[in-house]
Amino acid sequence: MTRLWATLRQTARLMVGMPDYDAYLRHMADHHPGAPVMDRTAFFRDRQEARYGGRNGGRCC
Amino acid sequence: MTRHLPWIATAIIGVVALAVVALSRGENVNALWIVVASVSCFLVAYRYYALFIARHVMRLDASRPTPAIRRADGLDYVATDRTVLFGHHFAAIAGAGPLVGPVLAAQMGYLPGTLWIIFGVVLAGAVQDFMVLFISMRRDGKSLGELIRLEMGQMAGTIALFGAFMIMVIILAVLALIVVKALAESPWGMFTVAATVPLAMAMGAYTRWIRPGRIGEVSILGLIGLLAAIVYGQAVAQSPVWGPIFTFTPVQLCWILIGYGAVASVLPVWLLLAPRDYLSTFLKIGAIAALAIGIVIMAPPLRMPALTQFVAGNGPVWAGGLFPFLFITIACGAVSGFHALISSGTTPKLIASEAHAPMIGYGAMLMEAFVAIMALVGASILDPGIYFTMNSPTALIGPDAASASAAVSAMGFPISADVISQTARDVGEHTIISRAGGAPTLAVAMAEIFSHVVGGPAMKAFWYHFAILFEALFILTAVDAGTRAGRFMLQDLIALAVPAFKESKSHAPGIIATGLCVAAWGFFLYQGVTDPLGGVNTLWPVFGISNQMLAAIALMLGTAVLFRMKRDRFAWVTVLPTAWLLVCTLSAGWLKLFSTDAKVGFLAHAATFAAAADAGEIKSPATSMAEMRRIIFNDRIDAALVALFLAVVLAVLYFTIRTCIAARRIPAATAREIPAQLVPAQ
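Quick note, the sequences are listed as chains A and B, same order. Residue 13 in our numbering sits at position 13 of the first sequence; the count goes up by one each step and never skips. Residue 374 in our numbering sits at position 374 of the second sequence; the count goes up by one each step and never skips.
Keep in mind that the hints were calculated from the coordinates and are not lab data. A virtual CB, placed ideally from N, CA and C, is assigned to each residue, including glycine. The reader is advised that the hints may include incorrect statements.
[Said to hold, decoys possible] Label-pair ranges, simulated between beta-carbon atoms: (1) B:Thr249 with A:Asp22: 30 to 40 Å; (2) B:Arg59 with A:Asp22: 33 to 43 Å; (3) A:His31 with B:Val453: 47 to 57 Å; (4) A:Arg3 with B:Ile220: 18 to 28 Å; (5) A:Thr2 with B:Ile220: 12 to 22 Å; (6) A:Arg3 with B:Ile661: 49 to 59 Å; (7) B:Ala202 with A:Thr2: 25 to 35 Å; (8) B:Asp492 with A:Arg40: 30 to 40 Å.
Produce the entire structure from the sequences given, and follow the hints as far as they go.
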């Protein structure tokens, strides 16, 4: 049940272009240990700009 | 063998349902037959055709690292669970297109549209999405323009990029036109849509400063605000003070939208675009799910005939015969070129394994086709008299209920003036006459279905405005996001001639490109709004032609890649749909240019008006010499645009053939994939 909820939540967030913050932290820990990481708010703002800035193309009609 | 048995059963159910849909005459067919026919066809196609393409044509390799693995950065490149990614991809491809096209196509009856959606998606649309995803996935998630440049040369890539920009302009104009058609003279609708602007800004402030990143929370608050806006909209519309303030003519709305587009696309994204996208995305998914459930519960009979007399052409909603114009009227839902931009956008950077590609690429498009089927069902369960009253231009049916009832009854769809007025009252509008564009028709159908399930007839007006709001919301989001994307496309294009234009440090190029982009779609929007025939009549076919041409370009890229991979043997998978799309779009484009029927051909239309103008006559529907000149000018611009699209697609066809011939001469594969054994890039 909690897994289903987590998947739904993650789906809804990715639908509006927001990737998983925990996955980002895991990636940074695995591949760039010690490197500075964005906090949740910075991550949110970074991804928002990346999705809506226009560089990633539009969406469909 | 036994594992095939359930699929054989599904196929039999599909064939039976399809036969019922296709062969019943005279009696009312239940809408569920269409739903069952399409779902079974989609399931069987997914199980066999998508798998065949994956295994034999593409030879997908689950062990091959995808861009999300190779270039993992936790941000743009993230290996994502496949159901999560399916949702992301579906939300990105499904917009207003699959809802509008099928509604317009219903003028020929429900059968042609149903068959085209089912066969079109299985053999062309889903193949295109899947193929582009595959190609991009093996090339680090590059975009369509870059892929064409990589596989077919610099020139082909630039031409395709230019084509994509023009298509974007037409899409934005058509989408904005649909909003104008839905909101003109509708204070209730206008108030609710206008209310979303301050509402979204409040949400933006909330996610920026109060509770950053709480998307779910802010969306629920926003939804409550939206529902309140719909409820209070009725009081606003009826108020003698506020009602007139929110009542606009189409031309006023057109200028409001152009101004909105210019301002919204330079505001910071967190303020308006992002929060409204949350609302529109979740509302879209929710409304689509609710529509599916509603149709199943209500199980309505189809009241539109299977085929109408307009199959031969001469229909009031759009001009032209079944071939080729049905195949460009239903673009999104059957095959949509725009998806090529999505399938080569964020999705290939998020896919965790090549084994997920059939579900994401092929499956999500089947899902969109299902949305198109539901829109077609929606239009077909309405009284055909209401359908033609709503979708015929005023020039044909006159401005009031009496004239519309007489004209539509004369078409062979008897309807009384009382029923027309009553339908308008039921949904809380002053009038439903000549509300072309698909959105209002679909909203009436959704009000019909939703009120059957929740609330009864008293709730119809609420559901109608809910449906209008839901469509207007994501169209406005698309206009805003599309203007931003168009700006960068234009900047890239201009930079080819003037390199300084790419400079992102100074503001001038961005502002100039944004202005040009808004001016371009604004021009076509104004032309559509002031078009005496209602605009949709003129612009939708141009949009359809351009969108299908982009699809043809994407499929040609697929063909060229298959040849370069030395899989020529399977090239029919993309060649077949390419050929069909080329036949449809080239003949539709040719007819739009050179048909001697002034209803179809732009140049013939311009010629009849020019002849009249030379003789000093003013020809209906123009009312002045200035209007005459504008009609002639618009016709010529539209003709030039169609000619341009034809030139783009023929140029890409030339480069494709050249690439394929060159690939045949070389014994080894030449496709520029990232090699399978390459170690992950760090």
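Hint check:
Taken as a hint, the range 30 to 40 Å is violated for the pair Thr249 (chain B) and Asp22 (chain A), whose Cβ atoms sit roughly 52 Å apart. About 34 Å separates the C-beta atoms of Arg59 (chain B) and Asp22 (chain A), a value consistent with the hinted range of 33 to 43 Å. With their beta carbons about 50 Å apart, His31 (chain A) and Val453 (chain B) fall inside the hinted range of 47 to 57 Å. The hinted range of 18 to 28 Å is satisfied by Arg3 (chain A) and Ile220 (chain B), whose Cβ atoms lie roughly 22 Å apart.
Checking the proposed 12 to 22 Å range against Thr2 (chain A) and Ile220 (chain B) shows it holds: the Cβ atoms sit about 20 Å from each other. Against the hinted window of 49 to 59 Å, the Cβ-Cβ separation of Arg3 (chain A) and Ile661 (chain B) comes to about 53 Å, which satisfies the hint. The hinted window of 25 to 35 Å between Ala202 (chain B) and Thr2 (chain A) holds, with their beta carbons roughly 32 Å apart. Look at Asp492 (chain B) against Arg40 (chain A): about 33 Å separates their beta carbons, and that is inside 30 to 40 Å.
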